[in-house]
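Chemist: Protein chains in written order, with the numbering used here: chain C, 157 to 330; chain V, 157 to 330; chain W, 157 to 330; chain P, 157 to 330; chain D, 157 to 330; chain Y, 157 to 330.
These aren't lab readings, by the way, just hints derived from the structure by calculation. Just so you know, even glycine gets a beta-carbon here, dropped at the ideal spot from N, CA and C. Among the clues, some could well be false.
[What the hints assert, rightly or not] The calculated DSBU-like cross-link candidates involving lysine-lysine, where the alpha carbons are at most 30 Å apart (straight line), are:
| hint | chain 1 | residue 1 | chain 2 | residue 2 |
| --- | --- | --- | --- | --- |
| 1 | W | Lys321 | W | Lys311 |
| 2 | C | Lys220 | V | Lys277 |
| 3 | C | Lys224 | Y | Lys277 |
| 4 | D | Lys321 | Y | Lys160 |
[Claimed, not checked] The following residues of chain V were derived to be distant from chain C, with all beta-carbon distances above 12 Å:
| hint | residue |
| --- | --- |
| 5 | Met193 |
| 6 | His230 |
| 7 | Phe269 |
6 protein chains.
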Amino acid sequence: MEEKRARESHTIMNELVLPNDTNTFGNLMGGRLMYWMDIAAGMAAGKHCNAPSMTASVDNLSFKNPIKLGNIVHIEAKVSRAFNTSMEIFVKVWGEDLLHQYRYESNEAYFTFVALDPNGKPRPVPHLIPETPEEIRVYDGALRRRQLRLILAGKMKPDDANELKALFFAAEES
Amino acid sequence: MEEKRARESHTIMNELVLPNDTNTFGNLMGGRLMYWMDIAAGMAAGKHCNAPSMTASVDNLSFKNPIKLGNIVHIEAKVSRAFNTSMEIFVKVWGEDLLHQYRYESNEAYFTFVALDPNGKPRPVPHLIPETPEEIRVYDGALRRRQLRLILAGKMKPDDANELKALFFAAEES
Amino acid sequence: MEEKRARESHTIMNELVLPNDTNTFGNLMGGRLMYWMDIAAGMAAGKHCNAPSMTASVDNLSFKNPIKLGNIVHIEAKVSRAFNTSMEIFVKVWGEDLLHQYRYESNEAYFTFVALDPNGKPRPVPHLIPETPEEIRVYDGALRRRQLRLILAGKMKPDDANELKALFFAAEES
Amino acid sequence: MEEKRARESHTIMNELVLPNDTNTFGNLMGGRLMYWMDIAAGMAAGKHCNAPSMTASVDNLSFKNPIKLGNIVHIEAKVSRAFNTSMEIFVKVWGEDLLHQYRYESNEAYFTFVALDPNGKPRPVPHLIPETPEEIRVYDGALRRRQLRLILAGKMKPDDANELKALFFAAEES
Amino acid sequence: MEEKRARESHTIMNELVLPNDTNTFGNLMGGRLMYWMDIAAGMAAGKHCNAPSMTASVDNLSFKNPIKLGNIVHIEAKVSRAFNTSMEIFVKVWGEDLLHQYRYESNEAYFTFVALDPNGKPRPVPHLIPETPEEIRVYDGALRRRQLRLILAGKMKPDDANELKALFFAAEES
Amino acid sequence: MEEKRARESHTIMNELVLPNDTNTFGNLMGGRLMYWMDIAAGMAAGKHCNAPSMTASVDNLSFKNPIKLGNIVHIEAKVSRAFNTSMEIFVKVWGEDLLHQYRYESNEAYFTFVALDPNGKPRPVPHLIPETPEEIRVYDGALRRRQLRLILAGKMKPDDANELKALFFAAEES
């Protein structure tokens, strides 16, 4: 099966925060941002596997800074690691206030998408080759996040999550 | 500060899957569902704290069964635990195919919302009293999930996450 | 043909009033509310007949209290009576201001839906069994409302509307 | 207070039925049509009273022919009668299939709007002068419909609804 | 091939400017207006050719006066000339402030639509008969605008654009 | 007044064609694309002038290839030239079919935006420095397009449009 570079799936979205996207404080609502992040992640997944794909899970998504009405939502998505039939996509979000020339981090999350064949069943995806230090960093963390997802979904025993356990034992032993 | 029962925040939403909510397989897109879950969670948070509130984070969100075009999306949200200024809300989603009288689990996730005062600063929220076995179960797990969120956000050292570590050590020692 | 209890069709929707749903006074526009009420009524009809169905008519819909931007729209729908191929659904709407912990009646209306077979032709629906005093009250009024609908649609002569005439003659004779 | 001709409020809307407006049969959903009818009625009301106004009630709305995906929804609204602070607006809807050059009646309804002053309180509206036979016909029926609305809202006793009673007694005596 | 009068394609749309249609100045965004103009133009094209049709190009579109939140957008579209398989549609837009009884010109543009057969290939359309002075004026200018479109699209040499050149040479010689 | 490089305003948008964006052929509707192009152009304008801005005009917009349902709409916008208080933005659109790994040109257009001060009056914008051959090419053509806009808007006599006339005379003399 062919291999693909991480940067081949790089996807950029820019959206404008309109009144209906905001809560009573004039800030972008979390659910609206998740909607856009999911679309960006889906495009990155599609660029990697050239097949339809479907959201399987979303890892801890943490909102740092709210994005204001009229500001730009800048979203970047890139596949961080490919497994057998699934891909983990790293999505990062910035807000941008053009009037004050101020750009701020808003959010980041890992989405997992499953590639589907024409019958809607999972199908294999190309391997991913990380190249930049950032790509390698998120590639390396992907196994640990996958174990955490499987444990939380009840599909893996904590005892078998070697990558993840190391995180705690390292802390324990030091 | 006053206390509130978990069931006082119970919120039910029913939505219809329309064409624009679906991918090319005719299944509800993940991002659209997250949008609705966030609104349901926000209503439950509002019922608990009677103040404006804002999405702070979303825990591992795992899509089990896709919901088809024309089916009903049944969402239930209830505050699972209240911390100082934040609330964890447990959101559960079912799909419902009325023609075949078939109802299926689709998704569940934990959202965290922060209550805000009129200046947009965090403000205290009432304590939560869980009553049913299910309410007590999600209440008890909330500390562990909170430690995981803090570690993943880089705000807590793994070594200090006693509740969470127990999960792994129990597995280790057995 | 099978029978069904009224409560089996009970449907709850909660929606948030967003900026685009409001008029220049910041109140929910009537048409937007009717859109949601129709979807809630359609879900209740679907739960009763387990078949696709279509709006046939809407009875006098009267707006009591406007619902404000940021408030919750709480909608409840339940089949009130089943006829041969059609169902009358009673829809009730409340507004809810979480900050002031204030809930107020906003609207109520009777929708009529027709059940359809796969060719789009009307098909029989189960009888309805009302159980609570409220369910029995709306069940009893359904014949009168149906006669009124048929007269207004020019499909029944006023003289044949016995149920409805009683309303006026009772007043006349007393 | 100034008077206005019925035709001064005449409002025409044409909308295209898009995928998201349809049910699983590919027909325009009732609620979506009501949303457009309410906007058309509101514009006609605004043209008559030159003030903000709000939906107060909608009379029996009966769906004759469904409008198909891709067809045009042709809506016409005109104030049918002005009362003290409220206006009744007659709304008529046609579907139009351009490919088959076929235009069909779909719906008609009477909306009532209340004019508002800057504090949101009801304010007087100009009298209406009907001119065409059709305008005079709907103008004459407006009192009867108003009595029916008031009775159904519990604001008038059936015994006082002289205009409406005549409808039944005429039938009775003939 | 049959002929059709210009007025047979006359299409009127009225839309309300809602919060989500506006920029931070509370004015209708240009793109939202173009979206509505395109739908109005498409309806006019469909009325003329009674076939599906598709936007081929839009000529210089110039925004004169912004339309405010809560105002009415009044759009009129009419086929201005039919070519072999394409139609030019003249679209004119007014804003209307009902409270101040003030109507103002906002925009005008020429859209070109191509008629399509069931395979998505261009198909002939009826000739257009202009009747009013305004219809004749826009009919006469259509050739010139078409040459300009073809030159700008690189499909015609400036030297062959006789109609268009006359415009400059007339100026040159006078 | 400060100067800015063309590339500082470079804006990328990626959107997914959803069912509601398509006509009956399953192709992206022209108006929906114009809506997105206008938002992309507005963001590029905002990056250049760091002030609110408003669409003033759109030049010949020509649709080459329709974009299919489920495909990606890739939009790039960059300021091509700055005038006194206005900016011309070059917008280019591609369709992308991920399944067939096929990317195709769909559309290009020149938008003009006016920068606004807090009172909504035009305000000066920075000069633009084009750097790449493509940036220089569109920069050079901007004067000619501007003269054409002014003539078509009746604000310039054809005789004064030296840049534009050269286009025709060159052809004439050769």
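Chemist: Compare the structure with each hint and give your call.
Modeler: Right, here's what the structure says about each hint:
{"no.": "1", "hint": "W:Lys321 with W:Lys311", "in the structure": "holds (16 Å)"}
{"no.": "2", "hint": "C:Lys220 with V:Lys277", "in the structure": "holds (14 Å)"}
{"no.": "3", "hint": "C:Lys224 with Y:Lys277", "in the structure": "holds (24 Å)"}
{"no.": "4", "hint": "D:Lys321 with Y:Lys160", "in the structure": "violated (37 Å)"}
{"no.": "5", "hint": "Met193", "in the structure": "violated (7 Å)"}
{"no.": "6", "hint": "His230", "in the structure": "holds (17 Å)"}
{"no.": "7", "hint": "Phe269", "in the structure": "violated (9 Å)"}
Going down the numbered hints, you'll see the structure goes against 4, 5, 7, while the others check out.
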